[in-house]
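Novice: When you get a sec, could you build the whole thing from the sequences and use the hints?
Listed below are the residues making up each chain.
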Amino acid sequence: MPAHVREQIASAAVTALTGLATTGARVFRDRDTEASPLEAAELPALVIEDDGDPAEIVSLGQGRVLERRMRLTVTAHVKALSGYSAALNEILKEVEVALAGAALGGAKYAALAEVGARELSEAGDAPAVRQAFVFEFLYYTAHNAPDVAL
Amino acid sequence: MRRILARQGVDAAYTPAGGGGSSTVRGIFQRPYLQTEGMESSDPTFDCMASDVPGIAAGATLIIGGVTLKVKRGGIEPDPVSGIVRLQLVKGA
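Read top to bottom, the protein sequences are chains A and B.
For the first sequence, my numbering gives the first residue as 25, with consecutive numbering after it.
For the second sequence, my numbering gives the first residue as -16, with consecutive numbering after it.
The hints are simulated quantities; they were obtained by calculation from the structure and are not laboratory data.
Watch out, some of these pointers could steer you wrong.
Away from chain B, derived, C-beta distances all over 12 Å, residues of chain A [stated by the list, open to error]:
1) Pro26
2) Val38
3) Thr46
4) Leu67
5) Asp77
6) Arg93
7) Glu114
8) Gly125
9) Gly130
10) Leu136
11) Pro151
12) Gln155
13) His167
14) Pro170
15) Val172
16) Ala173
Partial chain B-side listing against chain A, Cβ under 10 Å, derived [said to hold, decoys possible]:
17) Thr19
18) Arg69
19) Val73
Listed next, the stretches of chain A that the computed footprint assigns to chain B, with coverage defined by at least 3 CB atoms under 8 Å from CB atoms of chain B [as the list claims (entries may be wrong)]:
20) 101 to 109
21) 116 to 124
22) 138 to 146
All residues carry an ideal CB built from backbone N, CA and C; glycine is no exception.
Specialist: This is how it looks when you write it as structure tokens:
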């Protein structure tokens, strides 16, 4: 039995975002960076988390269809003495382009929903900055078959 | 205080912010672990006699163990009682 479409979408996003020019293979899923912070060799990096998924019924009956919008947060982490703003904007560009051109695991499209505020610390030996980019993936399933994208 | 620095300290090659000649300064170098914004880091400091670095300003360079570090903006903390100044450092460019 295939995975839930949410998982299919998240996996497809990880694949699409692995190997980008700035962040390369440093793409992490299920990584709590507060408990397990990124090391120098793991930067710059992307941390991917799938979030809420509001659903609406769009057709009635036994095979009723749900319209679902899965949120996926891609958080870019950069540590640099200078140029971190430009680096974050470059990462956002690469992420947007990659998701626009990717197979999305059954989603109809991915749309950028929000660019979060930057979180910056100059407490350490070089400024550390992170910024969350929230994408929304539209997909449809039958209510009784959440593993099959319509 | 100088005896403590002589015994416990390390040598750093010091160059003032505006450039000029380099000199050797003895001090205690510490680099405690720091975690910030989900990333590992360190918080390097160098404690030395203020009289060894007269007029020190942000941007001054210290080379310690082959690593270039710079004094942070707002990273100069003098202690008039002991004569020590604590320098907060960032990686050099």
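Novice: Each hint should be assessed against the structure and marked as holding or not.
Specialist: Hint check:
no.	hint	result
1	Pro26	holds, 32 Å
2	Val38	holds, 18 Å
3	Thr46	holds, 16 Å
4	Leu67	violated, 6 Å
5	Asp77	holds, 24 Å
6	Arg93	holds, 26 Å
7	Glu114	holds, 18 Å
8	Gly125	holds, 28 Å
9	Gly130	holds, 30 Å
10	Leu136	holds, 22 Å
11	Pro151	violated, 8 Å
12	Gln155	violated, 10 Å
13	His167	holds, 37 Å
14	Pro170	holds, 31 Å
15	Val172	holds, 36 Å
16	Ala173	holds, 32 Å
17	Thr19	holds, 4 Å
18	Arg69	violated, 15 Å
19	Val73	holds, 5 Å
20	101 to 109	holds (count 4)
21	116 to 124	violated (count 0)
22	138 to 146	holds (count 4)
Hint check: violations occur at hints 4, 11, 12, 18, 21; the rest are consistent with the structure.
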